[in-house]
Every structure is written in C-alpha cells, then in structure tokens.
Amino acid sequence: MDFLFITQQSLSAAIGVNTIIFALAAIGLNMHFGYTGLLNFGQAGFLAVGAYSVAVSVVSFNVSLWVALLIGIVNSIILALLLGIPTLRLRADYLAIVTIAAGEIIRQVARSATFNKTLGGSDGITGKFGKEFFDLNPFTAGLDLPFLRFTPNDLWVVVVGWALVAVILFLMWLLVNSPWGRLLKAIREDEDAVRSLGKNVYLYKIQSLIAGGVIGSIGGFVYALSRQSVQPDNYGTALTFFAYTVLILGGAARVLAPIAGAVIFWFLLVFVEQMLRQAVSAGYIPEWLIGVNQVGQIRFMLVGLGLMMLMIFRPQGIFGDRKELALDARA
Amino acid sequence: MSSIAFTLLTSLFFSAIATSASAATPTYIQGTLVDSTKAPIAGVTISATGPNNFSGESISDASGKWKIEVPAAAVYQVSINQEQLPSGQALTDPAKAIIKANVISLGFDVTILFPIGPGVEKATDLERSAQLLADGLILALVIALAALGLNLVFGTTGLTNFAHGELLTLGGLLTYYLSAVVGLKVFLAIPLAVALSALIGGYLQDKFLWQPLRRRGTGLIAALIVSIGLAILIRYFFLFIFGGDTRQLPEYAGQAGLALGPVSITPKSIITSSIGLAMLVIATLWLSRSHMGKASRAVADNPALASSSGIEVERVIRAVWILGATLASFAGIMVTVNQGVSFVMGQDLLLLIFAAVTLGGLGTINGALIGSLVIGVSIQLSTLFIPTELKYVGALVILILILLVRPQGILGKKGRIG
Numbered sequence: 320m321d322f323l324f325i326t327q328q329s330l331s332a333a334i335g336v337n338t339i340i341f342a343l344a345a346i347g348l349n350m351h352f353g354y355t356g357l358l359n360f361g362q363a364g365f366l367a368v369g370a371y372s373v374a375v376s377v378v379s380f381n382v383s384l385w386v387a388l389l390i391g392i393v394n395s396i397i398l399a400l401l402l403g404i405p406t407l408r409l410r411a412d413y414l415a416i417v418t419i420a421a422g423e424i425i426r427q428v429a430r431s432a433t434f435n436k437t438l439g440g441s442d443g444i445t446g447k448f449g450k451e452f453f454d455l456n457p458f459t460a461g462l463d464l465p466f467l468r469f470t471p472n473d474l475w476v477v478v479v480g481w482a483l484v485a486v487i488l489f490l491m492w493l494l495v496n497s498p499w500g501r502l503l504k505a506i507r508e509d510e511d512a513v514r515s516l517g518k519n520v521y522l523y524k525i526q527s528l529i530a531g532g533v534i535g536s537i538g539g540f541v542y543a544l545s546r547q548s549v550q551p552d553n554y555g556t557a558l559t560f561f562a563y564t565v566l567i568l569g570g571a572a573r574v575l576a577p578i579a580g581a582v583i584f585w586f587l588l589v590f591v592e593q594m595l596r597q598a599v600s601a602g603y604i605p606e607w608l609i610g611v612n613q614v615g616q617i618r619f620m621l622v623g624l625g626l627m628m629l630m631i632f633r634p635q636g637i638f639g640d641r642k643e644l645a646l647d648a649r650a
Numbered sequence: 246m247s248s249i250a251f252t253l254l255t256s257l258f259f260s261a262i263a264t265s266a267s268a269a270t271p272t273y274i275q276g277t278l279v280d281s282t283k284a285p286i287a288g289v290t291i292s293a294t295g296p297n298n299f300s301g302e303s304i305s306d307a308s309g310k311w312k313i314e315v316p317a318a319a320v321y322q323v324s325i326n327q328e329q330l331p332s333g334q335a336l337t338d339p340a341k342a343i344i345k346a347n348v349i350s351l352g353f354d355v356t357i358l359f360p361i362g363p364g365v366e367k368a369t370d371l372e373r374s375a376q377l378l379a380d381g382l383i384l385a386l387v388i389a390l391a392a393l394g395l396n397l398v399f400g401t402t403g404l405t406n407f408a409h410g411e412l413l414t415l416g417g418l419l420t421y422y423l424s425a426v427v428g429l430k431v432f433l434a435i436p437l438a439v440a441l442s443a444l445i446g447g448y449l450q451d452k453f454l455w456q457p458l459r460r461r462g463t464g465l466i467a468a469l470i471v472s473i474g475l476a477i478l479i480r481y482f483f484l485f486i487f488g489g490d491t492r493q494l495p496e497y498a499g500q501a502g503l504a505l506g507p508v509s510i511t512p513k514s515i516i517t518s519s520i521g522l523a524m525l526v527i528a529t530l531w532l533s534r535s536h537m538g539k540a541s542r543a544v545a546d547n548p549a550l551a552s553s554s555g556i557e558v559e560r561v562i563r564a565v566w567i568l569g570a571t572l573a574s575f576a577g578i579m580v581t582v583n584q585g586v587s588f589v590m591g592q593d594l595l596l597l598i599f600a601a602v603t604l605g606g607l608g609t610i611n612g613a614l615i616g617s618l619v620i621g622v623s624i625q626l627s628t629l630f631i632p633t634e635l636k637y638v639g640a641l642v643i644l645i646l647i648l649l650v651r652p653q654g655i656l657g658k659k660g661r662i663g
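Note that the protein sequences, when read in sequence, are chains A and B.
At position 8 of the first sequence the residue is numbered 327 (my numbering), and the sequence of numbers has no breaks.
At position 360 of the second sequence the residue is numbered 605 (my numbering), and the sequence of numbers has no breaks.
Worth flagging that the hints you see were computed from the coordinates, not collected in a lab.
Some clues are possibly wrong.
[Claimed, not checked] Label-pair ranges, simulated between beta-carbon atoms:
#1 Phe638(A) / Arg560(B): 36 to 44 Å
#2 Val478(A) / Asp593(B): 37 to 45 Å
#3 Gly517(A) / Thr337(B): 53 to 61 Å
Note that beta-carbon positions come from the ideal geometry of N, C-alpha and C, so glycine has one too.
Based on the sequences and whatever the hints tell you, model everything.
The structure is reproduced here in structure tokens:
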C-alpha cells in the first residue's frame with residue numbers, strides 16, 4: 320500500500336476543484352434550506368444552468384466568456400423566478416418534489432437529441448470555452464509536493480475558486496446577519512408569525528431562492544470551466560443529494576459549514592476509494608468480495624449510510640447548533 | 246437518469262483519459278444491424294463523417310455486421326440509409342438516424358446500435374393513439390400501484406419517502422434472482438418475490454428503521470433526508486451486487502405481441518396487468534371497507550384521536566407499510582417482466598410516482614389513482630406531439646402547470662398550501 324500516494328490524492332481532493340464546486344452548491348443550499356427552510360431539491364438544475372450558459376454562449380454563439388458569465392447569472396435568476404413563482408406557496412415537501420422535477424426537466428432537455436445542435440445532446444459540449452480564463456493563468460508550473468498535486472490549470476482554478484468562495488462567504492455572512500437575514504430565519508422558524516408582522520413572506524422566499532440559486536450557478540461555472548466541458552448527466556439528482564450531504568455534514572445554518580462539509584466529504588470519499596482500491600489490488604480484500612470496479616459503489620453506499628446516520632444521530636452536523644435549526648418542526 | 250452514477254464517478258476522476266494507444270492501431274466504429282427478432286439485416290449502407298472532412302462508408306454483410314475505420318480520436322456522426330432497410334422494418338426511434346460516436350482514443354473501437362423494429366412510423370395517427378393509450382394505461386397501472394403505498398405511508402406517518410422507488414427495484418431484482426439464479430419458474434418466483442419484498446421492504450424496514458425513528462420523534466424533514474440516504478445506500482448496494490446493465494428474466498423474454506384490433510400487447514403484459522389491476526382493486530376495497538383500512542384513514546386524519554379511540558396506531562402503520570411494499574414490489578415486477586430489470590428502475594419511476602401523487606393530492610387514495618392515470622396516459626400520448634425522449638419532461642411540465650392553477654392537486658385539501 321502506497322500511503323503517501325493515498326494521502327496526496329486525498330489531500331489534493333480535499334482542497335481541489337470538486338470541493339470548490341460542492342462547497343458553492345452547498346452554500347446556495349445553505350441559503351435555501353439552512354436559513355430560509357426551503358427544501359430545494361433542484362440545485363443541480365442551477366449548476367446546470369450556470370455551466371450550460373457558459374458553454375453554449377461561448378461555443379455556439381461566440382460570446383466572450385465574461386459576457387457568458389453574466390448571461391449565466393441572469394439565466395439562474397430567471398430559473399429561480401420560474402421555479403419560485405409557482406412553488407413557493409406550497410408546503411416544504413411539495414416544494415421538494417417540484418424542484419426535483421424541475422432539475423430533471425433541465426437535465427433531460429439538455430441531453431435530448433432534439434436540441435443536439437445547441438446543447439450537445441447526451442455527450443454535452445466540449446471545447447476551449449475557458450480559453451479566456453486560462454489565458455490569465457500566471458502559473459507556468461503545476462504543484463507537485465509529496466502531499467499535494469495540481470496541474471497548472473487546476474492550480475489556477477483552485478486559487479481563483481477559493482478566492483471566489485471567500486468573497487461569497489463574506490457576502491453571505493453580511494447578508495445573514497443583516498435584518499434581511501434575520502427575517503429569513505424567522506420565516507424558517509414560523510412563517511405565520513412573520514406574516515402577522517405585515518411582511519411579504521413570498522417575496523423574501525423568492526429573494527432567498529434567487530440568491531442561493533445564483534451561488535449554485537457560480538458553482539456550475541467552476542464545474543464547466545475546470546473541465547472545459549459540460550455533460551448533462553453530471554447534473555442529475557445525485558449532485559443535489561451530495562450537496563445536501565455536504566451541507567448537513569458541516570452543519571446547516573452556519574456560514575462556514577459548507578466549506579467544512581465539502582472538505583471532509585471529498586477527503587473521505589477519495590481516501591476511502593484509494594484505500595479500498597489499493598487494498599483490493601494488494602490482495603488484502605479478496606476479489607470475490609469486492610472487485611476493483613466495485614470500489615466506487617462501496618464509496619457511494621457509505622455516502623448514503625453516512626447521510627442517514629448524520630440525520631438520525633447528529634442532524635446539526637459537525638459545527639451546527641441544534642437550537643438554531645428547527646429541523647424537527649412540522650414544516 | 247440511469248447513467249448518473251457512472252458518469253458522476255467517471256467524470257469526476259477520470260475526466261482526462263490517457264491517449265497513449267499508438268496511432269497505428271486501426272480503430273473502428275462498428276455495429277451489427279438486426280431487426281426486432283434479432284435476425285441480421287444485410288446490404289444497408291452506414292456512413293460516418295468527422296473532422297478534417299473525414300467520411301467513410303460500410304455496407305452491412307450477411308451477418309448484419311458493418312465497420313468503418315476512423316483516423317483519429319474525435320466525435321463522428323454516424324448515419325444509416327433508412328431507405329435500404331427491408332420493407333416492414335424501420336428505426337424505432339427516428340431521432341436515431343444519426344448517432345454521435347465518440348472515439349475517445351485510438352485503439353478503442355466504438356460500437357453503435359441502430360434500434361430497428363417493425364416500422365412504427367407507418368401506422369396512422371389513430372392507430373398510434375390506440376397503441377399509446379394502451380401503453381399509457383399499463384404505465385398508469387404501474388405508477389398507481391407504487392403511488393398508493395407512497396401515499397398511504399405519507400398519509401399515516403407524514404413521511405415523504407424518497408426510498409420508495411427502491412421497493413420497486415427490490416421486487417424486480419428478487420424475481421430475477423429467484424428465477425434466473427435459483428432456477429424457479431417465473432410464475433412461482435413472482436409471488437415469492439412479492440412476499441419477500443413485503444417482509445423486507447415493508448415489515449422489517451418499518452420495524453427496524455422508521456418505527457424507532459418515530460419513537461425518537463425525528464422530524465418530517467429529517468426523516469425525508471434519512472429516506473434519501475437510504476435510497477442512495479440501497480441503490481448503490483443493488484449496483485454493487487447486480488451491476489449496471491438491464492437484464493431480462495429467463496422466461497418469456499422475447500414474446501411476440503398479440504394483435505387486438507389496432508393494439509399490439511404481449512400475453513405477459515396482459516397477465517401482469519390483470520393481476521396488478523386486481524391487486525389495486527382489492528387494496529382500494531380493503532382500504533375503504535375493512536376495519537384496518539378505516540383505521541388507517543383515522544390515523545391519517547388525526548393520530549392522537551385515533552389512538553385515544555382504541556386504534557393501535559403502530560399496528561395500522563405497520564400494515565400500511567406492508568401493503569405499500571407489496572403493491573410497489575409488484576409494480577416493479579410488472580416492469581421487470583415486460584422491460585427487464587436494472588438497478589435504477591425504481592429511481593427512474595420515482596419522479597413519475599411523485600408527480601402522480603402530487604397531481605392527485607398527497608395523502609388521498611383516489612387522488613393517487615387519478616394522478617397516476619393522468620401522468621401515465623399523458624406521458625405516452627404526448628409522444629404524438631413531442632419527441633419520445635422528452636415524454637417525461639412533458640409529464641413534469643404538466644405537474645408544474647397544474648400546481649400553478651390548483652396547488653392542492655386535483656383531489657387534495659387546501660391544508661397543504663404553505
């Protein structure tokens with residue numbers, strides 16, 4: 320067993336591109352679920368809109384990347400309005416069903432052969448649409464330390480990505496500690512009480528949906544740019560559920576929780592995978608029990624089990640405060 | 246939905262696949278043309294175009310095989326000359342006349358499948374409507390069987406169960422293992438699989454997971470997220486033991502359809518649908534007539550009051566779970582017998598089940614049935630107007646539109662609006 324390699328892979332994943340993507344998705348969900356109590360199960364749809372806006376604008380319509388990013392943000396606001404107007408009057412569990420449906424609609428339309436020409440069908444879009452971003456890359460060499468390893472491009476994405484996360488978290492911190500943020504928390508705790516104070520709950524819920532959705536779509540930008548490709552099946556319900564796992568692991572309704580959750584989630588995911596993989600190939604685990612190709616499935620079984628256990632035994636996550644989050648309230 | 250797991254897995258870690266194979270390796274895009282009875286089709290021209298003005302052609306040989314050598318790793322457009330297909334045969338999905346072949350790396354051949362069957366597009370719209378209506382009613386039955394259990398569990402315990410789809414997969418997989426591995430006849434394997442599903446997915450699941458959670462006072466949203474975790478755990482466990490492919494039962498796999506007027510239905514479909522319909526009717530009667538059924542509605546209405554008037558709430562909930570698992574597993578078996586079983590079968594149907602339940606009204610029995618009928622039939626009939634691949638999108642759009650005008654669903658009560 321090559322423990323150095325395992326550590327290198329796990330640590331690189333823990334602060335790597337995927338961690339940034341899931342952290343951004345979870346920060347958005349934190350706004351929705353953690354602070355406002357909205358069960359948005361269509362977060363993958365927001366990431367998809369962000370990613371596809373960039374890829375389609377640049378590849379199919381030859382728009383500059385920076386304009387494409389703006390288009391992505393506008394599109395995610397439109398999606399939030401489309402989703403929010405019909406559904407935010409419904410109870411939490413209905414909202415969950417409708418948003419998960421909306422996320423699937425986006426994915427299935429994106430992968431359909433009907434819109435093959437613009438959206439790329441089930442293969443998605445691959446191209447150099449991140450060229451303008453990578454042209455700015457100051458790193459000529461990658462990072463190759465015993466414990467960390469990034470290619471020059473990944474290093475650039477990671478540095479910019481974490482800077483972005485820091486800015487967004489700072490804004491989030493300002494927002495949730497403002498009167499506006501306190502109102503969201505009040506909606507989460509008791510909608511009727513807020514309404515009795517003459518506040519338009521519906522309007523605030525839509526604002527929350529937009530804010531979290533835009534943050535999610537920024538995660539989509541990172542997803543698309545880091546790979547220079549978008550593939551529809553990456554934006555399925557699994558993405559949303561893993562983002563929830565990340566959020567709940569860290570602790571919902573805590574500003575820094577999505578970061579902690581994403582770092583731990585990806586560290587464990589890659590660590591378990593690499594350990595199992597090496598244990599299988601070194602013969603510590605017999606082939607009839609776990610094949611090399613089955614390691615990935617064990618990993619995701621552990622994610623599912625972990626989510627259940629967290630929710631049952633520690634719903635406030637690692638850093639959350641049980642009193643802060645009234646998850647047990649009849650929504 | 247089926248490939249989420251794999252693509253997520255592969256794309257996250259292996260987004261850059263090594264292109265180390267030597268350029269001299271001949272690489273082919275290839276395939277075998279067969280009709281719906283697996284008989285080879287010869288003499289059909291397949292052509293491929295790609296970057297750098299590449300174009301190549303191949304004519305299928307006596308065994309239906311064709312292959313085109315390609316010069317570089319790229320995405321190629323592979324098309325079939327439909328006019329050369331024998332009469333009575335056509336592409337079952339007209340959108341597949343041109344297929345993208347992604348040659349990832351030289352040395353790795355890519356196999357392309359053109360789905361060919363009895364020409365559907367030659368049927369008139371009226372005949373197609375009749376066939377689609379029949380298909381839609383069968384789909385509605387599958388959805389209704391699953392939706393009834395989901396709705397009952399929701400009604401009595403408030404749980405929105407995202408792991409309900411896995412009950413369908415459980416029924417299907419048990420039938421597969423009992424028939425293909427243990428070697429039982431399919432008609433024996435099915436009742437056994439239903440009984441086992443009721444035991445594992447109904448009795449044991451409630452006894453060892455949900456009842457303890459209710460005792461702990463776990464909240465509804467927390468329980469909902471637990472069910473998501475459970476669904477992920479079980480789905481990947483199924484993938485772990487069963488693999489990612491769709492498999493057919495050893496018997497009745499390639500059954501020919503019976504022509505009933507304009508509609509063609511296989512005997513196995515008629516038999517499974519009849520049993521399914523009977524189960525649905527019995528379950529509905531049981532719920533409306535029997536003591537236990539009435540008790541379940543009392544629990545749904547007001548658990549505390551039901552309990553104080555002598556109803557054993559926990560026993561009622563257990564019965565509801567067992568009934569739900571029984572019906573859902575048979576829904577899964579209907580799909581398995583007619584289309585084969587895969588580990589994502591339940592997940593694929595879950596959204597439609599939710600759509601049906603939401604449409605009809607969460608927690609109402611008749612609502613679940615009406616919602617299923619609307620969703621099942623509209624999914625199939627919508628293919629008259631929209632491409633087949635977008636039929637689920639159509640159903641989900643209908644769901645959202647109906648919620649706009651009638652947020653409580655067709656038969657639901659106002660109470661659900663937040």
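Consistency of the hints with the structure:
no. : hint                              : verdict
1   : Phe638(A) / Arg560(B): 36 to 44 Å : 41 Å, holds
2   : Val478(A) / Asp593(B): 37 to 45 Å : 40 Å, holds
3   : Gly517(A) / Thr337(B): 53 to 61 Å : 60 Å, holds
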